Amino acid sequence: MRKWKIGLLCADLCVSCNSVENKIYVHLNYTIPCVRLLNATHQIGCQSSLSGDVGVLHVLESEANLDWVLKTGPNPPYMVILDSTLFTRSIMMKLKTGSSRVAGVVVVAPSSNPAEGFSPHTTCPNENSGGYDPALAHCNVTVWNPLGNGLSYEEYDFPMFSLKDDNDTQAIKQCYYNHNHVVNGSSPQYPLCAMQLYSHMSAVTDTATCMRRNGINFSLNPEIVCDPLGDFNVLASTRPLNYTDKGHKMGESVVIAAARLDSRSFFFDIAPGAESAASGFVTLLAAAHALRNATQEAQPNRNILYAFFQGETFDYIGSSRLVYDMENKQFPLDLDNVHSVVEIGQVGLHGESKLWVHTDPVSRRNSSVNEEVGLSPYLYPSHLLNTHVSDFSQPLPPSSLQRFLRARPIPGVVIQNHNSAFTNKYYESMYDNAEYLNMSYPPNLTPEEQLEYVTDAAKALTEAATIVARALYTQAGGSDPIQLQNINVTQMLYGFLVKSNNSWFQQMVPSDFAIHLRERPTNFYVGVTQQHSEPTLLVQYLLANLTGTTVNITQDNCQNQREGEDDKESKHIYSYMWVQGAAPPNSTERVAFCVRSTVRLSKALSPAFDLEEYTSKDYSTWTESRWKSIKGRIFLVASHELEMLTLGVGVAVLIASLMLTYIISSKADILFSSGREPTAATY
Amino acid sequence: MNLERLPNEEKLSLCRKYYLVTLAFCQIFLFISPGGFAFLPFLWLVNVVWFFREAFLKPAYTEQLQIKAYVKRSALGLLLWVAVLTTWITIYQHFRAEWGEVGDYLSFTIPLGIP
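These protein sequence lines map, in sequence, to chains A and B. Under our numbering, the residues of the first sequence are numbered 1 to 683, in order. Under our numbering, the residues of the second sequence are numbered 1001 to 1115, in order.
Hints were generated in silico from the structure; no laboratory data involved. Just so you know, these numbers come straight off a predicted model, no measurement behind them. Some clues are possibly wrong.
Here are the in silico distance ranges between beta carbons for each label pair [claimed, not checked]:
1) B:Val1049 <-> A:Leu647: 32 to 38 angstroms
2) B:Asn1002 <-> A:Val653: 55 to 61 angstroms
3) B:Pro1007 <-> A:Leu645: 57 to 63 angstroms
4) B:Gly1100 <-> A:Gln174: 44 to 50 angstroms
5) A:Ser629 <-> B:Pro1115: 19 to 25 angstroms
6) A:Leu660 <-> B:Asn1002: 27 to 33 angstroms
7) B:Asp1104 <-> A:Asp556: 48 to 54 angstroms
Beta carbons: idealized from backbone N, C-alpha and C, even for Gly.
All chains should be built: construct the whole structure from the sequences, respecting the hints.
Written as structure tokens, this is what we have:
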């Protein structure tokens, strides 16, 4: 009984000792950090110190106000809070050079996109890993991303976090106005409101260093400090390919229809990628769906390989891997089997109705290549969209086709919505979202109604997909006109850019993936190799349903990749998926079924990591650092003098008590004699 | 162990033992293990501190001369080791980052997040 009471008392005390921490610190709930990425030569991104960086809060009012932070403010280091309008290159460069007085930067993300555009990517994306010689490579002819301010590719030695513009952030700003705000030139009095941010990154210097430190065996605590970026490419073909038969396939001629799956932004794991990624691959998915019946019934001469590449943002991870596998007989086709490439780049249309078809000037000097490029389908007038051929002498924009051209001259086109520079104002930034693509829904619609509502963006992309489908069919040797299947682009756009947990996606995925569908837009950041990226799996299931057929086999056979008990051959050619299906109108049980398709995943890890050439100039060497904890908290700090005073008083009390103990112990016989006289011996 | 209670011969044999053991191990470990020998000069330090009073501050007795010799030799060995270790540690801490690969292979613990 007693022990139980003591135990309860202790538990009670423990609860109350945690609440002291809650009285001092307010933890930040929603923290999006900027993390460190490394490549063969550089490290980019942010680093905090191991025990977090503490700084006095300062809400920056204007660029001139930077003086307070960098020179005149009396309480450095400062934690600078920036509104998104002040998140510009000039301010960030000044903060970077004055980083001894800057403890960190917090960017408040706005709820609507800035009107003038913002792109933290470089002006010339992927300039060192494309297919051109230096004469044409470094944007000498056209600057592709003129709005790019290169912020994502700088190195910062303070942490940078992003916060949403919500009540928590208002509370933080209120703390600043209550304690730290400068009134009429007088410096603010202690205690001041401060913030501590933890985002310590383990990797440093470059990929070679961090991969070496990953593999050291005899250190006392071996730790993995970084992981390569990568994921899987999604591939499908109109005629099945035997995946166990690698290398050159006799007599097989393939048109590769390519699109990119990934995007990025300045902060970690935020990549809405609406125009930079989703517009392209949704168009290709729609085109593949449109061609399903045509390629079954009236098969064209050549095979069409639909390729969705992952990791293209980071020096073409996916496409360089596919080309490498083709060159080294690790893939059922090789480069001799490739007839031509049709790539769909950024095709979001913002009210304009023009698509541009880009070709490569260098390979077209070769007349046999020039003939096969296949520009004629794009010259037919279409009723909503006009396609134009862009300038012959202009090199290709950043595209996966460049990696194929790096290996050998292959005829190819890249379809974009711009002629020279990008029209995308928010290339690779957190603002490249559904709002930018003009996906606006009328108010007061339920999610189901929003799923079915056809936005302007969907109409434009449907047109683009029709053009692409016809062009692909012609390029593959079929003859126009063909009957295209009806496609519904708006549901795809809704699923990828608004909410992936919707009824249409729910029907098409297996039940163990259905719990991973989210209530928010898909994140297109490629992430590290070990983690499966959400869009790859979604595109895999979608492509399987849109280009495959339903087969009537049992769940057991379906999940074992066979059509019958004795079938050993089908798994080399087809892939089978047991998907959830929809519930019929009268019941709640989903009717599951098996989809047979030619969809495969192929590894998208840069060849540099297989070859262990971590300083490679030929392949992507991007890695992402590991970290222990990412968190932030705000609290009030006292002045330095008060801290020293407290410490001094404590030390004085310690010394005084030691002296007192010594004095008492040396005079113990006098003090504790209790009045007894030393008795004289009486015997 | 209270040195006062020991007879002089035993004090001498202790001092000699500590000195010789350390000398032997230093010579062996110099060639075998990269890490172990760093701790052995502590036995020489023990020798110097423990036997200092015996060797220099007590009135003379027969074994004291030999004890004095061992204490002096231990002190010399200790000073030498301290000098070597301090130099090596300073060089290593300063240049490890610049040495890149060599620095990493020499280290038992590599700090995270800094070069």
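Inset, instruction - Please name the hints from earlier in the document that this structure breaks, with their numbers sorted from lowest to highest. - result: 2
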